[in-house]
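Visitor: Residue numbers (the working numbering), protein chains in the order written: chain A, 1 to 255; chain B, 256 to 519.
Read the hints as simulated data drawn from the structure, not as lab findings. Be aware that one or more of the hints could be misleading.
Claimed, not checked - Dumping the calculated PhoX-like pairs for lysine-lysine here, alpha-carbon to alpha-carbon at most 20 angstroms:
(1) A:K143 x A:K124
(2) A:K217 x B:K483
(3) A:K217 x A:K57
(4) B:K275 x A:K68
(5) A:K6 x A:K68
(6) B:K275 x A:K18
(7) A:K164 x B:K431
(8) B:K511 x B:K431
Said to hold, decoys possible - Reference listing, derived: stretches of chain B covered by chain A, where coverage requires no fewer than 3 residues with Cβ under 8 angstroms from a Cβ of chain A:
(9) 360-374
(10) 455-469
Every residue, glycine too, gets a C-beta built ideally from N, C-alpha and C.
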Amino acid sequence: MGYKAKFRVWRGEGGEGKLEDFTVEVNEGEVVLDIIHRLQATQAPDLAVRWNCKAGKCGSCSMEINGKPRLGCMTRMSTFTEDETITVTPMRTFPVIKDLVTDVSFNYQKAREIPSFTPPASVKPGEYRMQQIDVERSQEFRKCIECFMCNNVCHVIRDHEENKTNFAGPRFLMRIAELDMHPYDVADRKDAAQEEHGLGYCNITKCCTEVCPEHIKITDNALIPMKERVVDRKYDPLVWLGSKIFKRSGSGSKG
Amino acid sequence: MTQTAADSPAPARRQRAQIKERTLRTDQWWRYPLVTFIIFTAFLVYATWAIFDNSFFAAPYHAPFASPCLAEAVCPEDARLFGWAPLGDWYTWPPGLLILGLPAGFRFTCYYYRKAYYRGFWLSPPACAVNEPHSKYTGESRFPLILQNIHRYFFYAAIVIGLILAYDAVKALIEKPGGIGTWVLIGNAILINLYTLSCHSCRHITAGRLNHFSKHPVRYRAWGFVSKLNAKHQELALISMFSVMGADLYVRLVAKGILTFTFA
Ligand code: SF4
Ligand code: SF4
Ligand code: FES
Ligand code: FES
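Please build the complete structure, drawing on both the sequences and the hints.
Guide: In structure tokens, the structure reads:
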């Protein structure tokens, strides 16, 4: 049940490049990544694409298909009509190395800027006692496969490259939320989230949630709760007054 | 077959793919912002008209946009909250003006409405992976948008407003249990209160701010309940917006004598 599909693939290096047209065979059950591989095997042997698992679990094959950030290996050809032209481009937010391969080191940089899990000095490894309900919330965030499509789609840096220094992106603001919700983490995450990692730039328009292949509710379950925690710390006069009167300094609202 | 960064020689310049199209999306991405714009504008137009419309009471029905009525000069005896009208004769403007700021502020700073109007009115962004037209962006990190952080105070006020609408509905139920208007008000009061309870600030206050759920079993259960509602926050925001508009219009039509059948 094969047919010939029309593809437009962005080709180029170091930012310069253009969309190239291809006509390529498609068979039943195939995904976009299969077609890219067929192009490599037949018409464009030097076409660069990053992939690994072909199972939606490694997060390598992030690309933009008809303008939407998608995993190439999880986008079925059957979701397109046979006469549709399918446009495949690299992620826009990150510098391109070659063709569909982008340099995602921005994300590793941001990951390093977040202080790691910081347990209280008095609790030794092996002494942690946590109940399932205490960690359940953050387990959702651990499903992340680091495809970085959320950071790619976020308009804060996609449309405003100059914000990259001030904004960690939804992936890492979610990481901060995960740590802040951790029963044994004592580091200050709230001020840092707002002042250093740019939580205030997020205007909760939910594109990160829309593109996440793991269907993590990034905005509802990580970013908005984190915003509320920041309000506790910085913008709520009653909570502030309470902390002055009762001298609840230090770990603040970690209940 | 794959090519990694290490295989390819370092390109001369590291920059993003230069693609001049604003978006390569082929679906109707403009529908969401357009529909949002139309619905919200219609709501604003109606609300503005309703605030200045004086037929807000048709015993025992009280139009939600004018409730509570707090001024002696403009509120019929029966329309007052437990007969209470703290403002004397000097206040002669529409009663809705007094309280309007609270529900309006609640919705304006609501996380769902923010998403919707940032997309539909400010085009920031109009849709995902569609470039926004603004050259600079600081989001909610500065004045004035940093003020969105007061949302929880509007939430406290919204609880009170929700109770008042429930009071109006119960009062109608007692005085005219068979009236359609009674059931319109009851339905609206339920939806408004569900919307209020599904608020993200409510979710945070019940237990979202805690890190040890296991030490607060009651609050944890409340959080579980609010979280379920919260997952439907967008739907509740829209449905309750239509219901409050519908209930308000209904009462005014009765008050104006346009709806006159026995069970109105
Ligand atoms: S919700 Fe916030 S972080 Fe997510 S894409 Fe939108 S602006 Fe970016
Ligand atoms: S949160 Fe979702 S979209 Fe973002 S990197 Fe993880 S899996 Fe990808
Ligand atoms: S190749 Fe691993 S996610 Fe697509
Ligand atoms: S009412 Fe929408 S988030 Fe509070």
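Visitor: A separate judgement is required for each hint: does it hold in the structure or not?
Guide: We went through each hint and held it up to the structure:
Restraint check: the Cα-Cα separation between A:K143 and A:K124 comes to about 27 angstroms, which exceeds 20 angstroms; the hinted pair is violated. A threshold of 20 angstroms between alpha carbons decides the hint, and for A:K217 with B:K483 the separation of about 13 angstroms falls inside it, so the pair holds. A threshold of 20 angstroms between alpha carbons decides the hint, and for A:K217 with A:K57 the separation of about 18 angstroms falls inside it, so the pair holds. As the CA atoms of B:K275 and A:K68 are separated by approximately 16 angstroms, the hinted pair is consistent with the 20 angstroms bound.
Restraint check: the Cα-Cα separation between A:K6 and A:K68 comes to about 17 angstroms, which is no more than 20 angstroms; the hinted pair holds. At most 20 angstroms may separate the alpha-carbon atoms for a hinted pair to count; B:K275 and A:K18 meet this at roughly 10 angstroms. Using a Cα cut-off of 20 angstroms, the hinted pair A:K164 and B:K431 is violated, with the two alpha carbons roughly 61 angstroms apart. For the hint linking B:K511 to B:K431, the alpha-carbon distance of about 18 angstroms falls within 20 angstroms, and the restraint holds.
For a cut-off of 8 angstroms, the count of residues in the segment 360-374 of chain B with a CB near a CB of chain A stands at 5, and the three-residue condition holds. Counting residues of the segment 455-469 of chain B whose C-beta sits closer than 8 angstroms to any C-beta of chain A gives 11, which meets the bar of three, so the coverage hint holds.
Of the numbered hints given earlier, the model fails hints 1 and 7; all others are met.
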